[in-house]
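Going line by line, the protein sequences match chains A and B. Position one of the first sequence corresponds to residue 1 (my numbering), numbered consecutively onward. Position one of the second sequence corresponds to residue 1 (my numbering), numbered consecutively onward.
Please keep in mind that the hints were generated in silico from the structure rather than gathered at the bench. Check the hints yourself; a few may be wrong.
[Stated by the list, open to error] Okay, derived cross-link-like pairs now, DSS-like style, lysine-lysine, Cα gap no bigger than 25 Å in a straight line: (1) Lys555/B to Lys459/B; (2) Lys256/B to Lys183/B; (3) Lys671/B to Lys218/A; (4) Lys91/B to Lys205/A; (5) Lys354/B to Lys205/A; (6) Lys256/B to Lys67/B; (7) Lys143/B to Lys117/B; (8) Lys671/B to Lys205/A; (9) Lys671/B to Lys555/B; (10) Lys122/B to Lys143/B; (11) Lys120/B to Lys183/B; (12) Lys157/A to Lys261/A.
Spelled out from the first residue to the last, the chains are:
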Amino acid sequence: MKTKPRLLLPGGIPLLGFAGCYLAPLGMTVYYAFVHSAFDQTFAGAENFRYVAQNTYFRLGLQNLLGLGGCMVGTALLVAFLLAPLLCRHKKMALPGMAVLLLPLLIPSISAVSLWEQVFDTNSLLSPLSSQLALITLYLWKYAGVAAVLLYTGLNKIPQDVLDAAALDGAGKIRTYVSVRLPIAGGYVGGMVMFLMMFLLRSYKECYLLFGDYPSQKLYMVQHYMNHQYMKMNFQYVAASAVILMALALLAYGLCIVLVKRRRVAAV
Amino acid sequence: MKEQELINALETYMEQMSPSRNYAQQVLSQREGEVPKMKKKATFSLVLAFVLMFLAAATAYALLPRKTAYDTFGSWSYLEGTLYYQTPDDKRATPILEDENILFLSADDQMLYYVTKGEKGKVIRSVMNNGLSLYPERAINTKYNVRDFQMGNGTAYILAHTTQGNGVIYALHPLDSSIPDWKLQGEGWENINNIAFCIHEDTLYAYSTEDGGTLASLSIGMDDHCHTVLVPGLSSLCYGYEKDGEDHLFALSEGKLVIVNTATGAKYDTGVKLPSGAAQVVRNHTSIFVNDDEGSLLASYDANQLSGQKELRRLYVVNDVNFGHGTMADVLPLFHEKYPDVEVVPRQINDSRKLATELMAGNNCDIYLYGNFDLMPTYAELLKNGAVLDLTDEADFAALRDDYRDIWPMMSSNGRQYGWIYNYTAHLMWANPEIAAQIGWEIPTGVWTYADFDALAEKVIAYNKTAETPIFLMPEEHVHYFLSNFDALHVDYYQGTHALNSDAHVDMLRRIVYLKNNNLLSTEKFEDFGKHARLAPNTLMQFCEVGGLGSMGDKTMLLPPVENAQSPRYTFQTQSYLISANSPMKEEAVYLLACMAHPEIEGMGYNGQMLKDKSLYLIRDNSQAIALGIQKPLSEQNEYLLNFALEHAVVWDEALEVTRAKYGYYDTSDKPTIFEMLLNGSLSPEEYAAIRTEQMNMYLGE
Chain A
1 MKTKPRLLLP GGIPLLGFAG CYLAPLGMTV YYAFVHSAFD QTFAGAENFR
51 YVAQNTYFRL GLQNLLGLGG CMVGTALLVA FLLAPLLCRH KKMALPGMAV
101 LLLPLLIPSI SAVSLWEQVF DTNSLLSPLS SQLALITLYL WKYAGVAAVL
151 LYTGLNKIPQ DVLDAAALDG AGKIRTYVSV RLPIAGGYVG GMVMFLMMFL
201 LRSYKECYLL FGDYPSQKLY MVQHYMNHQY MKMNFQYVAA SAVILMALAL
251 LAYGLCIVLV KRRRVAAV
Chain B
1 MKEQELINAL ETYMEQMSPS RNYAQQVLSQ REGEVPKMKK KATFSLVLAF
51 VLMFLAAATA YALLPRKTAY DTFGSWSYLE GTLYYQTPDD KRATPILEDE
101 NILFLSADDQ MLYYVTKGEK GKVIRSVMNN GLSLYPERAI NTKYNVRDFQ
151 MGNGTAYILA HTTQGNGVIY ALHPLDSSIP DWKLQGEGWE NINNIAFCIH
201 EDTLYAYSTE DGGTLASLSI GMDDHCHTVL VPGLSSLCYG YEKDGEDHLF
251 ALSEGKLVIV NTATGAKYDT GVKLPSGAAQ VVRNHTSIFV NDDEGSLLAS
301 YDANQLSGQK ELRRLYVVND VNFGHGTMAD VLPLFHEKYP DVEVVPRQIN
351 DSRKLATELM AGNNCDIYLY GNFDLMPTYA ELLKNGAVLD LTDEADFAAL
401 RDDYRDIWPM MSSNGRQYGW IYNYTAHLMW ANPEIAAQIG WEIPTGVWTY
451 ADFDALAEKV IAYNKTAETP IFLMPEEHVH YFLSNFDALH VDYYQGTHAL
501 NSDAHVDMLR RIVYLKNNNL LSTEKFEDFG KHARLAPNTL MQFCEVGGLG
551 SMGDKTMLLP PVENAQSPRY TFQTQSYLIS ANSPMKEEAV YLLACMAHPE
601 IEGMGYNGQM LKDKSLYLIR DNSQAIALGI QKPLSEQNEY LLNFALEHAV
651 VWDEALEVTR AKYGYYDTSD KPTIFEMLLN GSLSPEEYAA IRTEQMNMYL
701 GE
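Starting from the given sequences, assemble the full structure and let the hints guide the process.
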């Protein structure tokens, strides 16, 4: 079907915006990843990638992002899985419940951090475990509610007759939830995971506010590495790190697509 | 839900009752259409009303009368009782202070002087653009009916009506009312009936209505040379430019913006159409501003365009606090001899992240004054990363080496020169001779070591055992200077190595804890900075940050103890001018720095103290402090000590505030820092050293 010419112009404007605000900066980032520095823009080949990939602290940051980050996302998912069916069950309280769950997102990070500093021992150098707990709980408090609301939206759309059929087949509430409702709302679960991972990257702000520039090694994230390289004016390493992270993210996304497709084929 | 059910029921009923379904549908669609349309109209009207209200409020706010003044870096504005400051790089103006009665503003570099109503009449007050008021207010004699006020070269000038005449220009000391005011005089000039004046460098331009309009150019430097020309019809003046050795002013004349040649009196129409109500003309470095009677801005114009001069290339100097006077005022004529087509433009960037971004982007940042920015890299790292221009092999600087003492290590790293030093702060010590005599300790006149210091500590401990009033060795808040010295000697940012995990570092920490445990550290608060600096009470010695010979007087100073008497090193903090490696005008920037470093430039006293020729030393004594009785003339011993320290200097680059590490970036809690935990025994020296080592490994290892 040919696109009507009169639709091209309105469609072109967002494309231009996307190109200008996303593709162009992305291209520049990739460019800087291949030059010596912002002050010497001669071609450096893969030198920057080699330096970053071999750097102990970049690896440490990545390790913590996957380890601590995985723990934060996993815990948030668990909390969302527990909260969402509660909202479904008590429909009258669903609206105020959602408001309560979304409220932490609106509270400025600095206010939340001030409170967390009073409750937890946030000297990451002396009490790394307590500091990790502080970060995890802050992440859960701020973002698990959003995940729960997202999942609730998906669960709410499941037709009642499907659930009735499962009940007729002898499935209990937990079995119905795990084997029937969650798979049907699989798209929403995927969206939830994506949002949580996005919030995980944003949680660097709270980490920085709680623990400062150079926290304990257990809390040192890739974002710390990138921020420090930026302030040291090593933009080439910031760009190389960003490209590496992008490649990892695309790899993970590609794997997910392959897995989903295989599952769909198997289901058919 | 109920409404929908009703509609359905109605539809069914209408179908049943009326043979024509179309009729029923018409009725229903009419009803359905009405309510949404009405809702839409109401919503639209509400939104429109809000938008109009907002626009009206914004316009009203913009039209509120405000006074403005311009300095080298930005603009001051006074609006509804609040004084604001904004640089071109700021997104919004910063409120500085509140005062309902400000009458006049005049900026002098980063200080704003303003006339306001005090308790007993008009006063002159001052404030810096960071809100700090360094000086007390100064009363203005009530005989003056002040009509205008400007600052120039550190002196306040007022145009006032008095019983002896109208429009007389007086000069006042801006801080000290005991110094008599003086009426300006000039050869062949009658200082009366002036209606406008402006100041540029060493010249005051005054316009009076005498003889149909007289413009006087009065030298306010060393002599009272005065040149007058007849120019009719001017009402407001500001400095314009110099061309062919003659100064030109911008002025308002009969509703036009004109240029006046101060040498000949010739008047040229700029051709600019002024807005109605134009009453004042003022300027900053690049623009001309036309204001109304109240001082509110009506229009602005590019000064270069109006002057008809060719557009100049711009060399940007960032964060140079000396721009308006001192060094730069002497340097620019020298610089323009070689580069007449280059305009040197000041900028101020207070945010370290923004500075890093501007430098990497190569965005209007050629030379910058740098030193101890939070989060920013050290000098060594800037040089290593290629962010600054390496000046080692520049011919302009090589030519200066013969004139200067060996202070090049203070602006070099790994043997490469990264900049030109603007100022330094030496970490020396100040002793109490009475207490020293009390305990029988001879104050060292030269190099002494930590072993001597430890022996002194034991001496004080022994003394305190029998003394009626125990004494302290030094203030607790000064012990971190020992760690700064250790960092300066043992952390190499260029090579990426450190010795924070060494026994020497742990020994230093143990020494500090030992002093604390034996009650040798005083915790009493005292003033240790500025002209009110005092020795800590009942304390033998303390560190003293010395910025030059002028701050030492005849205090009993001594060098701090060192690790090795054979190669003593003393900690200095420096601020240096650096040239961005991304600058498109590197040659010009190097030449400008070399001009600033030229021995003939008198602007900076520090230059004088670093030159080999002692006769060029400036600010050897702080004459004001001496006159006020706060300080005595510099002693020879102190001069020797500072010069010795200069020749054995090691620069302390404070990349990481581990010494004062906080719990979080915003310290909202009362929890102790790790250094405080070291002092109170919660943390052992080994644990503290391990923490610092971990952080420094992280910093250097990235």
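Hints, one by one, checked against the model:
Between Lys555/B and Lys459/B the CA atoms are separated by roughly 23 Å; this keeps the pair inside 25 Å, and the hint holds. Between the alpha carbons of Lys256/B and Lys183/B the distance comes to roughly 31 Å, so the proposed pair goes past 25 Å and is violated. At most 25 Å may separate the alpha-carbon atoms for a hinted pair to count; Lys671/B and Lys218/A meet this at roughly 21 Å. For the given pair, Lys91/B sits about 22 Å from Lys205/A by alpha-carbon distance, which is consistent with the 25 Å threshold.
In summary, the hint linking Lys354/B to Lys205/A is supported, as the alpha carbons are separated by about 18 Å, within the 25 Å threshold. Distance check on the hinted pair: Lys256/B and Lys67/B sit about 22 Å apart at the alpha-carbon level, within 25 Å; holds. For the proposed pair Lys143/B and Lys117/B, the alpha carbon gap of about 14 Å is at most 25 Å, so the pair holds. Distance restraint check for Lys671/B and Lys205/A: the Cα-Cα separation of roughly 21 Å lies within the 25 Å cut-off, and the hinted pair is therefore satisfied.
Under the criterion of a C-alpha separation no larger than 25 Å, the hint pairing Lys671/B with Lys555/B is inconsistent with the structure, at around 37 Å. Note on Lys122/B and Lys143/B: the hinted pairing holds, with a Cα-Cα distance of about 11 Å set against a maximum of 25 Å. Under the criterion of a C-alpha separation no larger than 25 Å, the hint pairing Lys120/B with Lys183/B is consistent with the structure, at around 23 Å. With a C-alpha separation of about 23 Å, the suggested pairing of Lys157/A with Lys261/A holds against the 25 Å cut-off.
In terms of the numbered hints stated before, the structure departs from hints 2, 9, listed from lowest to highest.
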